[in-house]
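Colleague: Got chain A sorted already, so can you dock chain B onto it with the hints?
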Amino acid sequence: MAKKKTIRTIPQARTPMPEQAPRARARNFGEVACGYTLENALVEAERCLQCPDQPCVRGCPVGIDIPSFIAKIAERNHRGAYDVITDTNLLPAVCGRVCPQESQCEGVCTVGDTLEPVAIGRLERFVGDMAIREGWINLPYVEPTGFRVGIVGSGPAGMACAADMAKAGCEVVVYEALHEPGGVLKYGIPDFRLPNEVIDVEIDKLRRLGVRFECNTLVGRLFTIEQMIAEMGFDAVFIGTGAGYPSFMGIPGESLNGVLSANELLTRCNLMRARDFPSFDTPLMPGRRVVVIGAGNTAMDALRVSLRLGAEQAICVYRRSRAEAPARAEEIHHAGEEGVAFRWLTSPVEVLGDAQKRVRGLRCQAMELGEPDASGRRRPVPVPGSEFEIECDSVVYAIGTNANPIVGQTSKLRLDRRGYIETDDDLATSILGVYAGGDIVTGAATVIEAMGAGRRAARSMKAYLGLRDSDVVFAESAPYEARRFGFPPGERGHARLRLA
Amino acid sequence: MSPDSGESFEIVAREDYSDVTFMLDIRHPAMARAAKAGQFVIVMEHAQGERIPLTLADFDPARGTITLVIQAVGKTTREMQRNCLAGTTLHAVVGPMGIPSHVGSAGKVLCVGGGLGVAPVFPQARAHARNGATVIGVLGFRNRDAMFWEDRFRGVCDELIVCTDDGSAGLKGLVTRGMEQALAAHPDIDECIAIGPPVMMKACAEVTRPRRIRTVVSLNPVMVDGTGMCGGCRVKIGEGVKFACVDGPDFDAHEVDFDDLMARLARFRPAEGEALRKWEESCRLGAAQPASGERY
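Residue numbers (this note's numbering), protein chains in the order written: chain A, 1 to 500; chain B, 1 to 296.
Chain A extracted, bound-state conformation (with noise of 0.2 Å):
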């Protein structure tokens, strides 16, 4: 090997994202992000230290190999890479693009010490898109258990978690509400920040593993989670169906036409392509001036929407400033080039109708940040005598979510104060082989978080049902041995794993 690098060996600059101009970009759907070309990632690759310390790896919730898999982009061995991040990683296209990582792998980075860190998301997204353009997958042979296995929810705690438990050798059935599977990914998660291809392409793998997705079924309604258990044969059984239900403010106004929760915008535009109305039947009837209250991730994506429907303005209303602005700071960037404007430290008070109770404005306060509160941040107070009005013609609620009531209606699931659904540290529920994981366990978090808990949960799935973990893919050139996982074959109650 070369001489060892050090921080001032290396490129120092973090080679820049290829994006789409500000201005075209904010009128159509394609991606913003264009990923790196294969000069680009060379680069970046080598500012990886390959440091022995690997604070990424820890800071990753689901645990990539990230500098090994850098190494081999450096290396050229593309396949190589893909191989070490589909070990831990089915959805690398997915996780580059939407993964928070400034606060994760990229926040610990070493060479981030002294300069920018190195960029691991947009080198996983690099990956995951040639083996996409390449059609590469990582399938194992798998030796079935027998066991049957049922997912309630196809976002991505529940495509994590069939993953896990389709390599496990156990027969996995996924049940979605919505006519298409992906949850959030598809109905949330616009197209130029995750296009819905890239999301069908890691669906097809998962069915490739022998994962069956059963979409216009709402558990719970349909059938209980309880009759899953003692009636559908089903040995263990997942539930990850997200937070749901949006929340409002309850202030005067919000029942007017024009106001509508983020999670309806998105999901008219992005899952019932209400953007190509009246090719498809859904509509949506966006607004020339938009205000979307909140300054979450969430919040920027319908900010960049209502402008890619052809608003004129769109305007983002945080009572806060945007130093606590939940969002990434590479989302409210990306608005604010595209022309979003901000209200920081403003607070609505009222939304203003007029006589066909239609939203003709929205009457607001100023705020002024006091004293910290329970969160750390410091306390929003309104000013005063500082009522103001924006004139607008839609208000969209991006304030986050409630649990969704479903699963409680429906089962006896031991839930907590707010509704969401108890686990202990191994995400089992309060019935015998039932866990659940993501935002219905938590509140409203990340994708990747999510992921994490659908992949822990398989983990004690597997412990559960007596199957000793094994989800690693081995490289064909691996030993015959090896790759049945260094214990006899005729072992029994073990997943069996080797390339097909």
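Incorrect hints may appear among the rest.
To be verified - With a straight-line Cα cutoff of 25 Å, these simulated BS3-like cross-link-like pairs (lysine-lysine) come out:
#1 A/Lys357 / B/Lys236
#2 A/Lys412 / B/Lys242
#3 B/Lys36 / A/Lys412
#4 A/Lys357 / B/Lys202
#5 A/Lys357 / B/Lys242
No wet-lab data here; the hints were simulated from the structure.
Modeller: Relative to chain A, chain B alone:
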């Protein structure tokens, strides 16, 4: 995307009740077993279609079918009227959704259905009859030609009053007239169920309010997913806001803000008008449109 099991949602029977009202029996054995009175389904006719909520009009566990009665008013329902023939399939049918109606200990129940609302009130009338209640039915139609399911209601009701707007059958007048008649004859009615257009349900609520009779209405606002995720179906109930899809669809009629409901139902009217105009135009031009199912 159809389910991996290859299951499709086949229309096994269709009956037309008038030039705009038609009935579909759809094969769905699991839903036929699980469904209870008061629940609804969401239907997508084809892959580019919209998701529309429809209250279950019937379900038959023995035959493995669910029944919907649909009125062709907008683009989607007009298209369904044309395309949804026996033997064809629907792109998506999901349900049963919503909290089932409460069928309690009421001894005497008044079931009121107006227009299309006649269909979804039927499972409730039947459930109360099976529960041993005395059931008095009041059905309202525009005229004699628009009538349907009188025979079904006769089978479960102890007494049935039919009203038509023009008097061409039964009592001349609105369902509220039939209700007044029923309430005069039966001052001991414990509960009233009213399903129909919002303006009708509002009027029904005003008939029972002074008499302090518990009255339940079934609301069908605009919704997308039907699972509590979009919040499009929020309705004002008393001082609070509820989502009709997961907190309803049944609500206490005396608490519902019907004016708010009606205003919100008009939310997409301009877009709906545009869609219908474009569709009618394409029909006039005889544009080749596949009967149903996948369009791409």
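Colleague: Now look at each hint and say whether the structure bears it out.
Modeller: Against the structure, the hints come out as follows:
no., hint, verdict
1, A/Lys357 / B/Lys236, "15 Å, holds"
2, A/Lys412 / B/Lys242, "23 Å, holds"
3, B/Lys36 / A/Lys412, "20 Å, holds"
4, A/Lys357 / B/Lys202, "19 Å, holds"
5, A/Lys357 / B/Lys242, "19 Å, holds"
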